[in-house]
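Asks: Chain residues, written in single-letter form:
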Amino acid sequence: MEIGKVVGNVWATRKDEKLCGQKFLVVKLLKTKDTYKEGFLVAADNAGAGSGDLVFITKGSSARVSLDKENVPIDATIVGIVDTLEFFD
Amino acid sequence: MEIGKVVGNVWATRKDEKLCGQKFLVVKLLKTKDTYKEGFLVAADNAGAGSGDLVFITKGSSARVSLDKENVPIDATIVGIVDTLEFFD
Amino acid sequence: MEIGKVVGNVWATRKDEKLCGQKFLVVKLLKTKDTYKEGFLVAADNAGAGSGDLVFITKGSSARVSLDKENVPIDATIVGIVDTLEFFD
Amino acid sequence: MEIGKVVGNVWATRKDEKLCGQKFLVVKLLKTKDTYKEGFLVAADNAGAGSGDLVFITKGSSARVSLDKENVPIDATIVGIVDTLEFFD
Amino acid sequence: MEIGKVVGNVWATRKDEKLCGQKFLVVKLLKTKDTYKEGFLVAADNAGAGSGDLVFITKGSSARVSLDKENVPIDATIVGIVDTLEFFD
Numbered sequence: 006m007e008i009g010k011v012v013g014n015v016w017a018t019r020k021d022e023k024l025c026g027q028k029f030l031v032v033k034l035l036k037t038k039d040t041y042k043e044g045f046l047v048a049a050d051n052a053g054a055g056s057g058d059l060v061f062i063t064k065g066s067s068a069r070v071s072l073d074k075e076n077v078p079i080d081a082t083i084v085g086i087v088d089t090l091e092f093f094d
Numbered sequence: 006m007e008i009g010k011v012v013g014n015v016w017a018t019r020k021d022e023k024l025c026g027q028k029f030l031v032v033k034l035l036k037t038k039d040t041y042k043e044g045f046l047v048a049a050d051n052a053g054a055g056s057g058d059l060v061f062i063t064k065g066s067s068a069r070v071s072l073d074k075e076n077v078p079i080d081a082t083i084v085g086i087v088d089t090l091e092f093f094d
Numbered sequence: 006m007e008i009g010k011v012v013g014n015v016w017a018t019r020k021d022e023k024l025c026g027q028k029f030l031v032v033k034l035l036k037t038k039d040t041y042k043e044g045f046l047v048a049a050d051n052a053g054a055g056s057g058d059l060v061f062i063t064k065g066s067s068a069r070v071s072l073d074k075e076n077v078p079i080d081a082t083i084v085g086i087v088d089t090l091e092f093f094d
Numbered sequence: 006m007e008i009g010k011v012v013g014n015v016w017a018t019r020k021d022e023k024l025c026g027q028k029f030l031v032v033k034l035l036k037t038k039d040t041y042k043e044g045f046l047v048a049a050d051n052a053g054a055g056s057g058d059l060v061f062i063t064k065g066s067s068a069r070v071s072l073d074k075e076n077v078p079i080d081a082t083i084v085g086i087v088d089t090l091e092f093f094d
Numbered sequence: 006m007e008i009g010k011v012v013g014n015v016w017a018t019r020k021d022e023k024l025c026g027q028k029f030l031v032v033k034l035l036k037t038k039d040t041y042k043e044g045f046l047v048a049a050d051n052a053g054a055g056s057g058d059l060v061f062i063t064k065g066s067s068a069r070v071s072l073d074k075e076n077v078p079i080d081a082t083i084v085g086i087v088d089t090l091e092f093f094d
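Protein chains in written order, with this note's numbering: chain A, 6 to 94; chain B, 6 to 94; chain C, 6 to 94; chain D, 6 to 94; chain E, 6 to 94.
Since no wrong hints were added, every one of them can be taken at face value.
Heads up, the list lumps identical chains together, so a pair's fine if it works in one copy or across two of them.
In silico DSBU-like pairs for lysine-lysine, Cα to Cα no more than 35 Å straight-line:
hint, residue 1, residue 2
1, LYS74, LYS10
2, LYS10, LYS42
3, LYS10, LYS28
4, LYS38, LYS74
5, LYS74, LYS28
6, LYS23, LYS74
7, LYS42, LYS74
8, LYS10, LYS36
Since the hints were derived computationally from the structure, they do not count as laboratory data.
Please build the complete structure, drawing on both the sequences and the hints.
Replies: Encoded structure:
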């Protein structure tokens, strides 16, 4: 899994109907505790995340496992809100 | 998922017959709201996308889940047309 | 999917017997219409490709879906020969 | 698989309930025997790893295979503690 | 698939018991016929490979397909020993 920060929203009216009712958020992934990787991804939200939250991202086929239905064509899901991220000294 | 822009077409007459009837589009993925990643990919279109559209791309095994048939050998699918992509300030 | 050019062959006598009878080709992936990405990959050929052909590559679990048997341990397959690759102006 | 070093912890109270009871560790992946790749990942621990351990990481759908339950939405798992990593001369 | 060279060994005593009895080798992947990519990976050996061998690597869920048991948490497998790797002129 990776840790990211919620930085935006995305809306799509015309889409595969299996995506309907699913909220999507724009996420930047952490490179270190204080810096970000280049680029961004869009993740389905399964943890009630909001703007600025540090979140837990699962990618690939495991992203589908988080939802109740296996037939949703997503490849990244927010599966938790991070309380504490600690790097040992 | 990732967001990309439709920038081209690709045709293949000799191909795995399980791909027949499927439209494919050339897509450049966004790095930021205004810039693109290097390279391009080819995605099956399951959202009626056209030239210049900003689209929602699902990759990996989830790309197959979008189609009605699970036996189509594709690894990237356009699953929606983006209306609005908003980055929080 | 990605587009690549067939640039070589590879032979392996000692191998997982589930690979027997399968032809493999060396492919360089396109970065733009005229340039290549660094590196190369080896793909199972399911489209009758030959030296110099521009081909359509599917990766991951979808590579297995192209073959008739699901138990072949491959992660990249040539699923078509490209006739035309067109980038819009 | 990849080899990494356990460098931190992460906690999430609000999360997909299928993740409950699972310990997660922050891991930096090795680039060479003595250096690390940029960035970090979070892995489910299925080997009793602790701070500073050199660990064996499996990613993708195979990460789920390590756990007893297939419906846990994870994409990286610590599947062993490395005793010796030897590069031939 | 990718081609790599066997450059080392790795041992782990404490591990997921589903990995027991499986040999693992350290592999560097080829970037060109004569140069290597940065980094290394660890692959399950299903072809009887040894030090210095040029090998055929399958990654992802297809790595599990090579073994007789589908529940082994691995994401890279050596599926063959390369006899000849030929790049066309």
